[in-house]
Amino acid sequence: MTYAYLFKYIIIGDTGVGKSCLLLQFTDKRFQPVHDLTIGVEFGARMVNIDGKQIKLQIWDTAGQESFRSITRSYYRGAAGALLVYDITRRETFNHLTSWLEDARQHSSSNMVIMLIGNKSDLESRRDVKREEGEAFAREHGLIFMETSAKTACNVEEAFINTAKEIYRKIQQGLFDVHNEANGIKIGPQQCISTSVGPSASQRNSSEIGSNSGCC
Amino acid sequence: MGRGVAMMRGHETKPAPSGTECPLVPAYPTGRLGRLQRHLLSGEFDQLRDFPIFESNFVQVTRLGEVANKVTMGVAASSPALELPDLLLLAGPAKDNGCLQLFGLFPLQFVQLFVHDESRWQLKVKFRTGRAFYLQLRAPAEIRDREFGQWVRLLYRLRFHSAEGAVPFTQEYSTVEDGEDDQDDDTIEREELQAMEARLDPQTSELWGL
Chain B
1 MTYAYLFKYI IIGDTGVGKS CLLLQFTDKR FQPVHDLTIG VEFGARMVNI
51 DGKQIKLQIW DTAGQESFRS ITRSYYRGAA GALLVYDITR RETFNHLTSW
101 LEDARQHSSS NMVIMLIGNK SDLESRRDVK REEGEAFARE HGLIFMETSA
151 KTACNVEEAF INTAKEIYRK IQQGLFDVHN EANGIKIGPQ QCISTSVGPS
201 ASQRNSSEIG SNSGCC
Chain E
1 MGRGVAMMRG HETKPAPSGT ECPLVPAYPT GRLGRLQRHL LSGEFDQLRD
51 FPIFESNFVQ VTRLGEVANK VTMGVAASSP ALELPDLLLL AGPAKDNGCL
101 QLFGLFPLQF VQLFVHDESR WQLKVKFRTG RAFYLQLRAP AEIRDREFGQ
151 WVRLLYRLRF HSAEGAVPFT QEYSTVEDGE DDQDDDTIER EELQAMEARL
201 DPQTSELWGL
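Those sequence lines, one after another, are chains B and E.
Take the first sequence: its position 192, counting from 1, is numbered 192 in the UniProt record's numbering, and each next residue is one higher.
Take the second sequence: its position 61, counting from 1, is numbered 61 in the UniProt record's numbering, and each next residue is one higher.
If we strip away everything but chain E, and leave its shape as in the complex, we get (with noise of 0.2 Å):
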């Protein structure tokens, strides 16, 4: 992974971290605590009580479209010395009374995340299994568009970052899935990898420069 001094979009400039020098803190990018970190929070999960999260709110939907049940997702970096998140975690309503329910935790290394349908805010989560479903956002029209945007941004630099052949999966990274791979070169990778060092900046309050 390249090191080095990193500008990140109008924030002044600061060194870039190197190993665990420069501590990932916990930041939100709403501002406020999603319904998975708050689960997280409430005590009964020590051991992931402390983990930065990205999440959203997800409907679970077939390849078709049509929904199936409520999802939330989020990615979480299982040290704050990691660059990049390293889980999947997985909650849903409870059967009995609807509240929020953990039911996994996945190594990213055995999960591949794809745009499905940017149109209809649609994601294809594919274990290493075999096992694949999709999700499509669930967020308040005026910033669902920003929301995915996010998400697509963490696509790619998970993808990025596997590129180097830190995780397995390299070849189908590689490979266009669902169309989502219209965008991506060499530049934009870099000033993306650039943007994601920067994050670890405290003073950015935005998790994994998303």
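Isolated chain B (complex conformation) (with noise of 0.2 Å):
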């Protein structure tokens, strides 16, 4: 399958935040209420459509417990995008951001596209961290922010893929050196401006971006 782009992510954040769920959820379209602790990296590809280009996500889906986390950190060297996810039910997973932020930002590239992500909003009942905080930090550390549920798909796609539509302008306003592997961007084998392409379970539908469901 040919494409444009690919955009190395990576998923970062505390163990139990619902980074492997969130990432099951955009390449399966499914929730998996239990999932097994990550240890080192799992992968996940998906197809998305941006701007009338075939892109394709390359997702590392890392270990968030702190015994794993000097191993994978040196994974996120040529990522192009991160998703940092939090638990908004659990206070201490929001605490944390600030180490992880300064992780990714040593590690990776100056120009990585950070998304912010409050995962779990379908769990309102136990909210521990606001709204309002998330977009604070967001706004502070120069990060795009969403809240999303892995469990009911609530922006799940969005948060994907306005990562990397940010990507894309990145590359557009020529901030992305595309040629250089450190920014996690690769020039796809075959230049091809396609218009459709199949769906698949790996890498399904290809996605327009501005949809937004606005569930959350």
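A hint or two may mislead.
[What the hints assert, rightly or not] Below, a list of computed lysine-lysine pairs in the BS3-like style, where the Cα atoms sit at most 25 Å apart: (1) B/29 to E/70; (2) B/151 to B/130; (3) E/95 to B/53; (4) E/70 to B/151; (5) B/29 to E/95.
[Unchecked claim] Sample of chain B residues with no beta-carbon within 12 Å of chain E, all distances over it, derived: (6) 52; (7) 53; (8) 101; (9) 173.
Calculated directly from the structure, the hints in this document are not laboratory data.
Even for Gly, the Cβ is constructed at its ideal location relative to N, Cα and C.
Join the two chains, each given in its own frame, into one complex according to the hints.
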């Protein structure tokens, strides 16, 4: 399958915030309430369509547990986008964001687009972090912000796709050198502006930017 | 890890490596690239592209041997300076087009590999989290025993390495699981250690002396 660009993403954040569930929802459109602890890195991929261009998202879902962190952070290198995830029902996962952000910025390109995600928005009754706090943190650190629910799929598409949209915008502005592997962007094997792509499980339906369910 | 002069299966004597002096060069047991290695070389995984890999094709089976799905498993060294692989790579056919897709990359210090059933060429892969699964080697009959033997030797070496306290699970490694321990002794391990060191010699064209 041809694509114009490949973007490498990393998903980072404390253990149990729903990183693997977000990936599974994005690639397979399903939710798995019980998920094995991630050790190392697990991979997912999906095609999206941005501005008429096929873009392959190669997603590195990293272990959140502290004991694996020193190993997985070596794989942050060369990421074009990062989803930094916390759990809106667990204050401590929000408190640890600064540490994750430092790690990400230290081991990645300065141009990396970071999407801050407050996950588990379906658990409103157990909310421990206000949406405004997430927004303020994102504003302060120059991040994009969304609240999502991997369980209901609310805003999951948007989180991944809006990140890609921002990376693509930076490419067009010349902020990303697409020939520099360290930026986490690769030009596809064949520059191909296709209009449609067949759906699949792991590289599912191409998605147009700008769609917003507004569910959260 | 012991160092010194090592001989390996008829190759001329070479100084054994120490530290990063003698970098590991990619080598392939069958003399050609495996599917996983080719996938990593395809250009989408820059960070993993140059890893030396030892890999085989398997089918995942249940504990009782019922076949589930195809898996390609490899062990890789994240640095050419390493004397043993430190990563486990798992891949399988993508659901949509059947092309090989990398599923995960796991530090070997959090994974245990066992021989589950030698007569059926089956390995057991057990993660630190407790998750475990069984893989049966998928290879032409004429090379199956030899290829499985390479995995068995690798398992011994990983175990011996861990027995020095470099990684967790020392106690579990020292226990017998699935009967894979019956020929283990110090002498064999020492010989294998020497072979392992010798494999760093680019002339040997063997990865980890397997």
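Here's how the hints hold up against the structure:
Among the hinted pairs, residue 29 of chain B with residue 70 of chain E is consistent with the structure: their alpha-carbon atoms are about 23 Å apart, no more than 25 Å. Restraint check for residue 151 of chain B and residue 130 of chain B: the C-alpha separation of about 19 Å stays at or below 25 Å, so the hint holds. In summary, the hint linking residue 95 of chain E to residue 53 of chain B is supported, as the alpha carbons are separated by about 23 Å, within the 25 Å threshold. Simply put, residue 70 of chain E and residue 151 of chain B have alpha-carbon atoms about 29 Å apart, too far for the 25 Å limit, and the pair is violated.
Pair hint residue 29 of chain B plus residue 95 of chain E holds up; C-alpha atoms about 14 Å apart against a cutoff of 25 Å. Once the 12 Å rule is applied to beta carbons, residue 52 of chain B is consistent with being away from chain E; the minimum gap is 22 Å. The non-interface label for residue 53 of chain B is consistent with chain E: the shortest C-beta to C-beta separation is roughly 17 Å, beyond 12 Å. With a minimum CB-CB distance of about 21 Å to chain E, residue 101 of chain B clears the 12 Å threshold, and the non-interface call stands.
Remark: the non-interface label on residue 173 of chain B is consistent with the geometry, its nearest Cβ contact in chain E lying 23 Å away (cut-off 12 Å).
When each numbered hint is compared with the structure, a violation occurs for hint 4 only.
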